[in-house]
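These protein sequences, in sequence, are chains A and F. Numbering of the first sequence is given in my numbering, commencing with residue 1 and proceeding in unit increments. Numbering of the second sequence is given in my numbering, commencing with residue 1 and proceeding in unit increments.
Rather than coming from a laboratory, the hints here were simulated on the basis of the structure. Positions of the beta carbon are idealized from the N, C-alpha and C atoms, including for glycine. Treat the hints loosely; a few may be bogus.
To be verified - What the simulated footprint calls covered on chain F by chain A, stretch by stretch (three residues with Cβ under 8 angstroms from a Cβ of chain A suffice, anywhere in the stretch; the number is not a length):
{"no.": "1", "region": "62 to 71"}
{"no.": "2", "region": "137 to 148"}
{"no.": "3", "region": "153 to 165"}
{"no.": "4", "region": "220 to 231"}
{"no.": "5", "region": "357 to 365"}
{"no.": "6", "region": "423 to 436"}
{"no.": "7", "region": "462 to 471"}
Claimed, not checked - List of simulated lysine-lysine pairs, DSSO-like, C-alpha gap at most 27 angstroms:
{"no.": "8", "chain 1": "A", "residue 1": "Lys401", "chain 2": "A", "residue 2": "Lys414"}
{"no.": "9", "chain 1": "A", "residue 1": "Lys142", "chain 2": "A", "residue 2": "Lys218"}
{"no.": "10", "chain 1": "A", "residue 1": "Lys467", "chain 2": "F", "residue 2": "Lys467"}
{"no.": "11", "chain 1": "A", "residue 1": "Lys218", "chain 2": "F", "residue 2": "Lys218"}
{"no.": "12", "chain 1": "F", "residue 1": "Lys414", "chain 2": "F", "residue 2": "Lys401"}
{"no.": "13", "chain 1": "A", "residue 1": "Lys372", "chain 2": "A", "residue 2": "Lys401"}
Number of protein chains: 2
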Amino acid sequence: MIEAPIRSSLLERLSAVLGDKGLITDARDIAPWLTDWRGRYHGAAQAMVAPANAHELAQIVRIAAQTGTAIVPQGGNSGMVGGATPDQSGAALLLSTRRMNVIRAIDGQARNVIAEAGVVLQTLHEAVAAKGLRFPLTLGGKGSATIGGLVSTNAGGTQVLRHGTMRALVEGIEAVLPDGSLYQGLVTLKKDNRGYDLKHLLIGAEGTLGIVTAATLKLVPALIDRAVVWAGLESPLAARQLLLFLEDCAGHEMEGFEIVPQRCLTNVLRHVPGTRAPLSGAHRWHVLVELVRDNPSAAQPAERAEALMAQALERGLIEDAAISASEAQAGAFWKLRDSISEAERAEGPAMQHDISVPVADMARFIIEAGAKVEARFAGTEVAAYGHLGDGNVHFHVAAPKSADVSAWPATPGKAISAFVHDLVVEAGGSISAEHGIGQMKRDELARLGDPARMAALTAIKRALDPKGIMNPGKLIAL
Amino acid sequence: MIEAPIRSSLLERLSAVLGDKGLITDARDIAPWLTDWRGRYHGAAQAMVAPANAHELAQIVRIAAQTGTAIVPQGGNSGMVGGATPDQSGAALLLSTRRMNVIRAIDGQARNVIAEAGVVLQTLHEAVAAKGLRFPLTLGGKGSATIGGLVSTNAGGTQVLRHGTMRALVEGIEAVLPDGSLYQGLVTLKKDNRGYDLKHLLIGAEGTLGIVTAATLKLVPALIDRAVVWAGLESPLAARQLLLFLEDCAGHEMEGFEIVPQRCLTNVLRHVPGTRAPLSGAHRWHVLVELVRDNPSAAQPAERAEALMAQALERGLIEDAAISASEAQAGAFWKLRDSISEAERAEGPAMQHDISVPVADMARFIIEAGAKVEARFAGTEVAAYGHLGDGNVHFHVAAPKSADVSAWPATPGKAISAFVHDLVVEAGGSISAEHGIGQMKRDELARLGDPARMAALTAIKRALDPKGIMNPGKLIAL
């Protein structure tokens, strides 16, 4: 804890930089931002700072560096691993990027946009759509997730298959470094070999090496139309074969390839009003495929989908398929996929794991790891669903019906997670495919990370943030 | 200089790890590798080590760390900035990667290859071609340049327009870090958010943060055929318009877009035997465009080129064009482009600058910066040629005919380079687009680099290589 006199002097100094709008000290105004959106982590802060721009933020960071004050950056507070929640000491400043929310420029010829950290993803989508362009990264939290958070967590989402994660879409970065200096790297150069790549180091660093204040982001042409396919099939292995077939025949047109087990579909139909099954028959597994067109001379996605699914049926890759006949139906298919998490929650407690293995191995991993978990922890049920095309699934282990709902997540929940993570590491995979490490997975990363790599990460953290003020306690414990 | 007893004990320890094949101490055997291939830098080394694999190398690095011995990694010794040449103290070990030259695996389904650091680029091309695949990065030095060097310098070359630089093609890395630990990051995951990206940090680090021992590299389908266009046009601005037109109409088919001023073509025709002009008329500027097909259902490149050039003529973007009618002719057009450097050398001394600015600004930069240099330094002639599609040209400033050939590169050559670099920085560009920093541009980088970024780079270097043994004196002066 910081002593009272120093603390009041700190707030005075912050106030001089930020003014009334930028310094929030009323506990009631800060409270909503001290709990992560899943409600798992609760922190405290001596104040919330909301600078109007990167220059104000740079001054704040200089003051924080001088006084050894921790800074916890927060965008839309929609992260999944407690990465934007301060610890409970109350010593930290909570940094809200919400006032740094200017879209500085949209360049139609270079096809990029410069957006400040606090710009909400959906706002960005709408602004570039008005220019006939598209920012192709999207995810469930788009109404609250901000550019700063998306860059700092190297966000994924549902269109990674074709466009990559945030890392592939960030062309430049502006950031305040831990000493309060401003790194100005927004200019886009296709080739630049002037030493270590600071941009890539800050992407996915979760605010532990500095605070991203703006980014230059790649844009692509707006979509003309799309078709969403819902197909029933026998197993994840069949889904993998379908994926390979579609990559060969429709690589450039395919934006999403998601896998859904029957259990998840059943739960969605049971718990989410207004949903209905796309296919009449029963299938053990399902996939959702999105085909798109952003070029007027390309084939119509619905026609392409018809032809490709006919071939897939003929080859025995799928059992049945429905193709969206309208945007409304396309949306309805996606809603089934997007409601899985909510429906699983309604079923009872589950340990959730955001994991990846090499794309070619994921189908087998789902089957084999699922069987191992269910054998080892009697009564559990595994539901693995999501981005099969990226080798990334959400691997949920649901509690037995008889479980004590409140105690189960700790015991045996934690042991289950450790068991799942061990299987992932054994398969050469990642215990965090897209959500990041934050505070939730920090100790698991320390337990399982390649020691050579972890030593390097720790050395980098100490070097760039010697006072340990940047989002302390996240990603790496010092 | 290291004292004799320590030195002999060092060599004994190295010998125990490396055996006879891996430790070269005869000065005559080492000598060829102590001068860079342009003949500008000359160094000394107490021995050359050539480990057979990454585990041997890890032991060497541990010994070097214990004894504070510098290690200078070298692949094909074809770098352009003296990055693989030791200093003249003779204290360093020269590390040759030549024995680490195994292509460990080619995966046709995942479309990647795992190649060790010492694999020569051309050898890799041939090995993957035998499997119907292609590694799309290529450059003039492909017969000697090695994978380790290409990764460590984030190499570019002529196909960057479509496939990106090395950074875009590296899916995984194995490296020995400065403490002698082995970082094993060859497994390819499409999504992985476990903290700072060590792979991107090592790419382009020029061996100053560790030594890349192997890489997983992305492959693409083999080419079916290609067409090379040679077009004459009025100015770099017309070339820029042609580029935009082709990006719109043939974005996925275009692999190269190079600009050549008449001066360079004239010099090639004069100095390089067996070359002839592709067009009969006179043109102030020329472009070379490569269109390819790697998918049997795509249009034939020669037909596409015919149609596109007819449209470009109609729109007044070009004055005339020739389209290669055979592979031999395609090769002949590329030879004109690839011989520019040699032909310019034959004309006399020139200061060479490997620079980039945002793609949209390069045409104007060539004109305006060229005029400024020629006005400021009487009698000089600027020839800017190369990768216009990447915003990267080789900006050569030829000495006046009357210049003293031996003195001119120092005075006023150095002042000319500083002047060019200042103009580049003013335009938001990079003083090293693809060649790297090495020892040649180290002080210019220190002079012109963003101070916030340079401080961060220095901190990273000190943190990961606290003893300063990894390719010292390159990239950053400590």
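Within 8 angstroms of chain A (C-beta), three or more residues of the region 357 to 365 of chain F: With 4 residues close enough to chain A, the hint holds.
Within 8 angstroms of chain A's CB atoms, at least three CB atoms from the region 137 to 148 of chain F: coverage verdict: Violated, because only 0 residues of the region 137 to 148 of chain F bring their Cβ atoms closer than 8 angstroms to Cβ atoms of chain A.
Satisfaction of hint between Lys467(F) and Lys467(A), Cα-Cα up to 27 angstroms: 22 angstroms, holds
Chain A over the region 153 to 165 of chain F, status - at least 3 residues with CB closer than 8 angstroms: It holds: at least three residues are needed, and the region 153 to 165 of chain F offers 5 whose Cβ sits within less than 8 angstroms of chain A.
27 angstroms Cα cutoff - pair Lys218(A), Lys218(F): Holds: Lys218(A) and Lys218(F) sit about 21 angstroms apart, inside 27 angstroms.
Given hint Lys401(A) paired with Lys372(A) - CA-CA distance at most 27 angstroms: Status holds; Cα separation ~19 angstroms.
8 angstroms C-beta criterion, at least three residues: is the region 462 to 471 of chain F covered by chain A: holds (count 3)
Proposed proximity, Lys401(F) with Lys414(F) (alpha carbon, max 27 angstroms): 18 angstroms, holds
Outcome, coverage of the region 62 to 71 of chain F by chain A - at least 3 residues whose beta-carbon is closer than 8 angstroms to one in that chain: violated (count 0)
27 angstroms limit on alpha-carbon distance, applied to hinted pair Lys142(A) and Lys218(A): Cα-Cα ~17 angstroms, so holds.
Residues of the region 220 to 231 of chain F with Cβ under 8 angstroms from chain A, three needed, outcome: violated (count 0)
Check of the region 423 to 436 of chain F against chain A for coverage (Cβ-Cβ below 8 angstroms, three residues minimum): Since 9 is at least three, the answer is holds.
Consistency note: the structure conflicts with the earlier hints numbered 1, 2, 4.
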